[in-house]
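S.K.: Read off the chains here:
Number of protein chains: 4
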Amino acid sequence: MIHTISQIRVRYAETDRMDVVYHSNYLVWFETARILMLDEIGIPYLEIEARGLRLPVLTATAEYKRPARFDDRLEIHLFMREKPRARFRFEYEVRHGDTLLATGSTSHGFMDKHGKGLRPPEEFLAKIDAAWKPQAAATEL
Amino acid sequence: MIHTISQIRVRYAETDRMDVVYHSNYLVWFETARILMLDEIGIPYLEIEARGLRLPVLTATAEYKRPARFDDRLEIHLFMREKPRARFRFEYEVRHGDTLLATGSTSHGFMDKHGKGLRPPEEFLAKIDAAWKPQAAATEL
Amino acid sequence: MIHTISQIRVRYAETDRMDVVYHSNYLVWFETARILMLDEIGIPYLEIEARGLRLPVLTATAEYKRPARFDDRLEIHLFMREKPRARFRFEYEVRHGDTLLATGSTSHGFMDKHGKGLRPPEEFLAKIDAAWKPQAAATEL
Amino acid sequence: MIHTISQIRVRYAETDRMDVVYHSNYLVWFETARILMLDEIGIPYLEIEARGLRLPVLTATAEYKRPARFDDRLEIHLFMREKPRARFRFEYEVRHGDTLLATGSTSHGFMDKHGKGLRPPEEFLAKIDAAWKPQAAATEL
Numbered sequence: 211m212i213h214t215i216s217q218i219r220v221r222y223a224e225t226d227r228m229d230v231v232y233h234s235n236y237l238v239w240f241e242t243a244r245i246l247m248l249d250e251i252g253i254p255y256l257e258i259e260a261r262g263l264r265l266p267v268l269t270a271t272a273e274y275k276r277p278a279r280f281d282d283r284l285e286i287h288l289f290m291r292e293k294p295r296a297r298f299r300f301e302y303e304v305r306h307g308d309t310l311l312a313t314g315s316t317s318h319g320f321m322d323k324h325g326k327g328l329r330p331p332e333e334f335l336a337k338i339d340a341a342w343k344p345q346a347a348a349t350e351l
Numbered sequence: 211m212i213h214t215i216s217q218i219r220v221r222y223a224e225t226d227r228m229d230v231v232y233h234s235n236y237l238v239w240f241e242t243a244r245i246l247m248l249d250e251i252g253i254p255y256l257e258i259e260a261r262g263l264r265l266p267v268l269t270a271t272a273e274y275k276r277p278a279r280f281d282d283r284l285e286i287h288l289f290m291r292e293k294p295r296a297r298f299r300f301e302y303e304v305r306h307g308d309t310l311l312a313t314g315s316t317s318h319g320f321m322d323k324h325g326k327g328l329r330p331p332e333e334f335l336a337k338i339d340a341a342w343k344p345q346a347a348a349t350e351l
Numbered sequence: 211m212i213h214t215i216s217q218i219r220v221r222y223a224e225t226d227r228m229d230v231v232y233h234s235n236y237l238v239w240f241e242t243a244r245i246l247m248l249d250e251i252g253i254p255y256l257e258i259e260a261r262g263l264r265l266p267v268l269t270a271t272a273e274y275k276r277p278a279r280f281d282d283r284l285e286i287h288l289f290m291r292e293k294p295r296a297r298f299r300f301e302y303e304v305r306h307g308d309t310l311l312a313t314g315s316t317s318h319g320f321m322d323k324h325g326k327g328l329r330p331p332e333e334f335l336a337k338i339d340a341a342w343k344p345q346a347a348a349t350e351l
Numbered sequence: 211m212i213h214t215i216s217q218i219r220v221r222y223a224e225t226d227r228m229d230v231v232y233h234s235n236y237l238v239w240f241e242t243a244r245i246l247m248l249d250e251i252g253i254p255y256l257e258i259e260a261r262g263l264r265l266p267v268l269t270a271t272a273e274y275k276r277p278a279r280f281d282d283r284l285e286i287h288l289f290m291r292e293k294p295r296a297r298f299r300f301e302y303e304v305r306h307g308d309t310l311l312a313t314g315s316t317s318h319g320f321m322d323k324h325g326k327g328l329r330p331p332e333e334f335l336a337k338i339d340a341a342w343k344p345q346a347a348a349t350e351l
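Residue numbers (our numbering), protein chains in the order written: chain R, 211 to 351; chain D, 211 to 351; chain C, 211 to 351; chain V, 211 to 351.
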C-alpha cells in the first residue's frame with residue numbers, strides 16, 4: 211500500500227453561498243494529493259508529461275459527509291491499495307483534525323499525446339514497488 | 211422519469227494544459243442541469259433556499275469517456291429515474307452532437323440551515339409527480 | 211465603436227460564503243463577452259488559435275460597485291472604443307436589469323505560439339472595420 | 211510599509227489550454243497573500259468576519275508580464291505602502307525565482323453584514339501600526 215498525506219488550507223474562492231466548500235473543489239484537492247504522491251515516490255507528474263505521457267482521470271467519485279469551511283486546515287490522505295495494472299485507482303480521505311469530512315476515489319490510465327491508452331511505464335511500476343508497504347505497516351502511520 | 215437537457219458552451223477558463231476540459235468542471239455543469247430541471251418543474255432552487263432549505267450534494271460520480279474541448283457546444287442530459295424518498299439521485303450524460311463524452315450521477319437530500327436532514331417538502335414531491343413521464347415516453351424525447 | 215452584449219446566469223459555483231459572486235469570476239465573464247464579440251464580427255477565437263495565433267490578456271482591471279448573486283441573469287456589455295493597434299483594449303459593464311454592478315477593462319496583443327508579439331492580422335483589422343459604428347449610433351443601441 | 215511573502219505551487223486546475231495559468235487565478239492568489247498578511251499581523255480574516263465585518267474587494271488590477279506554468283513554485287509578494295483610511299490598497303508581485311511574472315493591486319473597505327461602509331476598526335489600525343516598517347528597512351528584506 212502507498213499512503214501519503216498532503217495539507218490544504220481552504221481558500222475563500224473555494225467556498226459557496228451555503229458557507230461551505232463547493233463540492234467540485236474536492237476533486238482539485240484529490241489532484242494535489244496525487245501530485246504530492248508522485249513527488250514522494252520520485253516520478254513527478256511534470257516529468258511524466260515531459261516524456262509525452264498523459265495520466266488523465268477516467269473516473270472520479272466523492273462522498274461528502276461533513277462540510278469543509280473557509281480557512282480550515284485539512285489533510286488529504288491518498289491511498290493506493292492495489293498495484294497498478296493497465297488502469298489503477300487511488301482512494302482519498304479528507305480529514306479536519308480527527309473528523310472525516312469526505313472520501314473519494316479516482317481511476318487513471320496512461321495515454322500518449324493522441325489519447326491512445328498505454329501500459330504504465332516500467333519506471334513508474336518500479337517506483338511504486340519501491341515505495342510499497344505491507345498494509346499492516348502502512349496503517350500504523 | 212424526468213429528463214431535461216441544458217446547453218453549455220465550454221469556457222476557456224474550463225480547459226487545462228492537456229487542451230481538454232479540466233475534470234472537476236463536469237460537476238459544475240451537472241449543477242447547471244439540476245438548476246434548469248428545478249426551473250422546468252416549477253420549483254426553482256432559489257425558492258427552495260428562500261424557504262430555509264438546502265439541497266446539498268451527498269455523493270457525486272463521473273466517468274470520462276472522451277474529452278470536451280474549448281468552445282464545444284454540449285448538451286447536459288439530466289435523468290431522474292426513481293421518485294425521491296429521503297434521498298434521491300440524478301444521472302447525467304454529457305453529449306457533443308451524437309458523441310457521449312461523459313456520464314455521472316449525484317445524490318441529494320434536503321436539509322435545514324443547520325444541516326439537519328429533512329424529508330422532501332410535499333410541494334417538491336407534487337411537482338416531481340406532475341412532471342413524471344412513463345419511461346418509454348420519456349426516452350422518445 | 212463596437213458594442214456587444216452577452217448573457218450570463220450566475221452559477222452556484224461562482225458564489226462565495228459572503229453570499230455574492232467571488233470577484234475573480236468577473237474576469238471569466240469578460241472573456242465570454244470577448245468570445246461572443248469575436249463570433250459576432252465573424253472571426254471566432256477558435257479560428258484565431260487554429261492559425262497559430264494567441265490573444266492573451268496583458269492587463270485586466272475590475273471595479274465592483276454592487277454584488278452579483280446566485281441565479282442573477284446578467285448582461286455583460288463589451289465596448290471597443292478605439293481601433294486596435296499593436297495592443298488594443300476592451301471595456302466592460304456588468305448589468306443586472308438597470309443596475310450597474312461592475313465595470314472593467316482588459317488589454318490584449320497578438321502573439322505567436324512562442325509568445326512573440328505580432329501585429330494584428332489584416333483580416334482581424336478588416337472585420338473590426340466592417341463592424342465599426344460611429345459612437346453616436348452605437349450608444350443608441 | 212508592510213511586506214509579506216506567501217508561497218504558491220501552481221495547480222493543474224489553474225492552467226488553461228494555452229499551457230499557462232488562466233489569468234483570473236492571480237486574483238485568487240492575491241487573496242491568499244492577504245489572508246497570510248492578516249495572519250502575520252495578528253488579526254486573521256476569519257476573526258474579522260466573526261465580528262460581523264466584511265472586507266470586500268472594491269477594485270482589482272493585474273498586469274501579466276510572463277506566464278506562470280503548471281507546478282511552478284511562486285512567491286506572492288504583498289505590499290501595503292500607505293496606512294489605511296476609509297479605503298486601503300495592497301500591491302502584489304508574483305515572482306518565480308528572480309523573474310517577475312505579474313504585478314497587481316486591490317483596494318478594500320470594511321463593511322457590515324448589510325454592505326454598509328464602515329471605518330476600519332481601531333484594532334485593525336493598531337495591528338497595522340505595530341507591523342509597520344520604514345520603507346527603507348522594508349525594501350532591504
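Where hints are given, some of them may not hold.
Unchecked claim - No more than 27 Å apart at the CA atoms, straight line, and that leaves these computed lysine-lysine pairs for BS3-like:
1. R:Lys-275 <-> D:Lys-343
2. D:Lys-293 <-> R:Lys-293
3. C:Lys-293 <-> V:Lys-275
4. C:Lys-326 <-> V:Lys-275
Treat the hints as calculated values from the structure; they're not laboratory data.
S.K.: Each of the hints needs a verdict: does it hold here or not?
M.R.: Status of the hints after comparison with the structure:
For the given pair, Lys-275 (chain R) sits about 33 Å from Lys-343 (chain D) by alpha-carbon distance, which is inconsistent with the 27 Å threshold. Restraint check for Lys-293 (chain D) and Lys-293 (chain R): the C-alpha separation of about 40 Å exceeds 27 Å, so the hint is violated. For a cut-off of 27 Å, the pair hint linking Lys-293 (chain C) to Lys-275 (chain V) stands: about 23 Å separates their Cα positions. A distance of roughly 12 Å separates the Cα atoms of Lys-326 (chain C) and Lys-275 (chain V); the hinted pair therefore holds under the 27 Å criterion.
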